[in-house]
Every structure is written in structure tokens, then in C-alpha cells.
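Enquirer: Sequence:
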Amino acid sequence: MAGPKYEGRGSLALLRTMGGRGWSKIKNITRIPHVKRIRYRHEAQCKSTSFSVTGWPTILWSITHKPTIHLWHLMARLQAVVVVKKTSRKRRLKMDIPFEDLARLLANMSGSEGRELLESISMQRYRLSRPVIGLIVLAYSLVFLLCVIGNILVLIVVIRTPRTRTITNYFILNLTISDLLVGIFCVPFTLVNHIFTENQFGDGLCKFTPLIQGVAIGASVFTLTAIALDRHRLIIHPTERKLTVKEAFGIITAIWIFSLTIMIPQVFIRRDEVIMILGHGMHICGEFWPSVEAKQIYSGFLFVLCYMGPLLLNACLYVKIGLTLWYKKPVVKTPMAAADAKKKRRVVKMLIMIVSHFALSWLPLYTCWMLDDFNALSVSHSETMHDYVYPAAHWLAFTNSVVNPIVYGYFNNHLRENFKNVISMKTVNNSTMNKTRETL
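Note that the sequence shown ends on residue 440 in this note's numbering; no numbers are left out.
Hints should not be assumed to be uniformly reliable.
[Claimed, not checked] Heads up, simulated DSS-like pairs for lysine-lysine below, C-alpha to C-alpha not over 30 Å straight-line:
no.	residue 1	residue 2
1	Lys344	Lys242
2	Lys320	Lys343
3	Lys349	Lys328
4	Lys207	Lys343
5	Lys328	Lys207
6	Lys320	Lys207
7	Lys242	Lys420
8	Lys328	Lys344
9	Lys349	Lys320
10	Lys342	Lys246
11	Lys342	Lys207
12	Lys343	Lys328
13	Lys420	Lys342
14	Lys207	Lys344
15	Lys349	Lys420
16	Lys344	Lys420
17	Lys320	Lys342
18	Lys242	Lys320
19	Lys328	Lys342
20	Lys207	Lys242
21	Lys344	Lys246
[Unchecked claim] Beta-carbon label-pair distances, calculated as ranges:
no.	residue 1	residue 2	range
22	Ser424	Met353	22 to 30 Å
23	Lys342	Pro290	53 to 61 Å
24	Leu312	Arg345	37 to 45 Å
25	Leu371	Asp272	22 to 30 Å
None of these hints come from the bench; they were simulated from the model.
Predicted model, so just to flag it, every value in this text is computed and none were measured.
Don't be surprised by glycine CBs; every beta carbon is placed ideally from N, CA and C.
Using the sequences and the hints, build the whole thing.
Expert: Structural data, given as C-alpha cells:
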């Protein structure tokens, strides 16, 4: 009976630990020169050992022909926890083995042996422990509620009060719509993906949910840049011709079309893959690029276009605006001039807050993406990042869509006053309706 050949550090200890069960019962294995290195961690001793396995028939064939299906992605999302019996006690080995490898391995075993091994393998439905999942659900739910409620209130204020329909507020309205889409489409779907190891939404949503998310995020980022350009024109060049409503809507339309264009590749490179393990299908939603270089070029393109470029441009514009407002002295010192200077300083604080929060909220997530796409981390570090860093980074990025309506609503006097009027109007209407009911 031929079994797999283990080579490298700790191989004898591993074979003694596993006692020849399961893995030594693999039949009909044809030795091939393909060598796959696997890293496993003995959780009881918190030590890591590397060993090589040779003789797997056609193992990693599809992965080697699709090199951008990163191994850490499969390992981090779908882990096999092998429980091995030795004497009277049980020891846990967490083996970083992709399920596709495991499926091919099980395919070479007889039915009884495969079932025996499968029974000793616990396919984790959830990626994290229950306390961590509870904390993530609570944090994401809070962001979801604040994002949806805050942006809906801004929408109501702008729509119900005609005098707030200025060119700048049209851009703020577009920002509110894009941030609302971020809250509706990004937060819940991202939360589910961080909780479950298996894709829960099917092939259609696997393709189009990232597209909608990317378009919404792109529209939000580019609208922030449009607002910065509009403010720069109004403050630095106040004598120039103002934008018309038609031109403003043209810019808004161009923002959405451009955001859709740069995110279209998501439809073609993402799909739901089913990995069969003894008749059990595991659904994985992943990216399938023709080459690693194509993925890296696209990721770098999005990083520059959707983060670094807007950040540098907004920072330059707002620094120029801030210096102009801060050091511009009134010709005559009057109470009105003092109030105007105070108002300008308030605007400068708002601009600093907008740029700083945009930079800090998106930096961790883009850092994770770059490290992933350029394979800058080991398998164990990638697993930790996917399980713990990614949920926190996504959450922090989504808070940008919560802060935007708060910042623009609080620092914009017209929006703030009209918001109070809308709330008071609702209160008056409710009290009037209650009195009418009591009279009837």
C-alpha cells in the first residue's frame, strides 16, 4: 500500500503523531514531480513546522493553471481542522490545506476510508469564534444604521427645502446617494462574507455585488473630489463664472459612468466555484485572473485612481483654501467681519476633518489589498489578516460614509437649520394629528 511521502523538518514527528491513520490509507497515488509545500501549526504547542508532500495525482493542477487563485485565499476562508487520536487524548492539528487539494486527495481513497477521514475533518461553517462574530455584527450593525439614517435625513432635507438646492448641495446630494448605497450594499454583504467560510449568495450576486459596491465607493470618492474643486473655484476664484445646474448634473453623470467603467472587470473575473468533496459541494466566490500581473496592474490602478490620487488632489486644494481663508484679513474690523472670520475658520476645520478622515479610514483597507495582491505576506499572516484585520479595515472604511453627512450637515449652516426645520415640522404635524384624533 503506497502512501504519501513526507520530507523535511518534523516529518517523522508528524507521521508518529498521526499514527498512520487516514493519510497512510490513501490508495492509487501516482508519484509525480509536483511538490506542494504545506504549513501546519500544532495548536497545543503553538509551533509551526513545514513539510513537503510528493505523489499527489494532479494536485494543484487547476491552481497552477490559474495562478491568481491565491492559496492563502482558500486557506484563510476554508480551513480543515483535523482531530487526531493518540492513546487516550485528542490533539488538534490545524492544517493549512486548500479544499481543492483535499478533494483530490480524498478522490484517491476508497469510500469507507474517505468517509472515515471525512468524519475526522470538521468543515468550519464560521470563520471566527462566536464572541468575535458577535462583536463584528454589533459594530457593522451600528455603522449600517448610522449610515442609512444619516444619509436619508440629508436626502430629505435637500429634497424638501428648495433653497438648499445650490450647486454645492447638488454634489452633497450625490455624495449622500453614493454613501447610502455603500451602507445598503457594502456593509451587509461584507459582514456575511466575514462571518461564513462559504459563499452565501450564488454566482449572480458573486459577480454583481462587488460591482455595485465598487461603483458606490468610486462615486463617493470622486464626488468628494468634485466638492473640493467646486469649493476651490468659489473661494480662490470668486469672480469666475459659476457652474450651471446643467453642468453640475453633467459632472455627476460623468462620475457615475466613470465609476461603472473602472469596476466593470469585476463582472468578468469573479465567479462562484464549487469544490466537490465526496459529494459535498463547497461554494467559493473568488477572482480568476488570466495572470498575476493583470491582477496586480488592476489593483495598482484602483489604488492610485480611487485613493492616492483623490487624497493628494483634495489635500492640495484644501490646503490652498485653508491658507487663503486663514490669513485673509478683513479691511475694516467690525463685529460682522469678526463673525465672518470665525465662520471661515470653521470651514477650515471642516476641510481638515474631511481630508484626514478620508485618508485614515481607507488607508488600512487599501494596505491590506496591496499586501494581498502583491503576495507580501506569509500564509499564516494572510490568514490572520483575513480573519481579523480585514473586518476591522472594512468597518473603518465604511465609517467614512457615516461621517460625510455628519460633517457636511454640521458645518453647513443652511443644511443644519433646514434639518431642524424638517424635524420640528414633523413634530408639529404629529402633535396636530394627535390633537385631531383626540377631538374626533
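Enquirer: So, for every hint listed, does it hold in this structure?
Expert: Hint by hint, here is what the structure shows:
1. Lys344 to Lys242: Distance ~20 Å between Lys344 and Lys242 Cα, so the pair holds.
2. Lys320 to Lys343: Holds, at roughly 17 Å.
3. Lys349 to Lys328: At roughly 16 Å apart (the allowed maximum being 30 Å), Lys328 and Lys349 satisfy the hint.
4. Lys207 to Lys343: violated, 47 Å
5. Lys328 to Lys207: violated, 52 Å
6. Lys320 to Lys207: Violated, at about 42 Å.
7. Lys242 to Lys420: holds, 29 Å
8. Lys328 to Lys344: Given pair Lys328, Lys344 holds - Cα atoms ~10 Å apart, limit 30 Å.
9. Lys349 to Lys320: holds, 13 Å
10. Lys342 to Lys246: violated, 33 Å
11. Lys342 to Lys207: violated, 50 Å
12. Lys343 to Lys328: Distance ~13 Å between Lys343 and Lys328 Cα, so the pair holds.
13. Lys420 to Lys342: holds, 22 Å
14. Lys207 to Lys344: Not satisfied, since the Cα-Cα distance of roughly 46 Å exceeds 30 Å.
15. Lys349 to Lys420: holds, 23 Å
16. Lys344 to Lys420: It holds: about 23 Å lies between the C-alpha atoms, which stays within 30 Å.
17. Lys320 to Lys342: holds, 18 Å
18. Lys242 to Lys320: holds, 19 Å
19. Lys328 to Lys342: holds, 12 Å
20. Lys207 to Lys242: violated, 41 Å
21. Lys344 to Lys246: The given pair, whose Cα atoms are some 29 Å apart, holds under the 30 Å limit.
22. Ser424 to Met353: 22 to 30 Å: Between Ser424 and Met353, where Cβ atoms are some 27 Å apart, the hint holds.
23. Lys342 to Pro290: 53 to 61 Å: holds, 58 Å
24. Leu312 to Arg345: 37 to 45 Å: violated, 24 Å
25. Leu371 to Asp272: 22 to 30 Å: holds, 25 Å
Hints 4, 5, 6, 10, 11, 14, 20 and 24, counting from the list given before, are not met by this structure.
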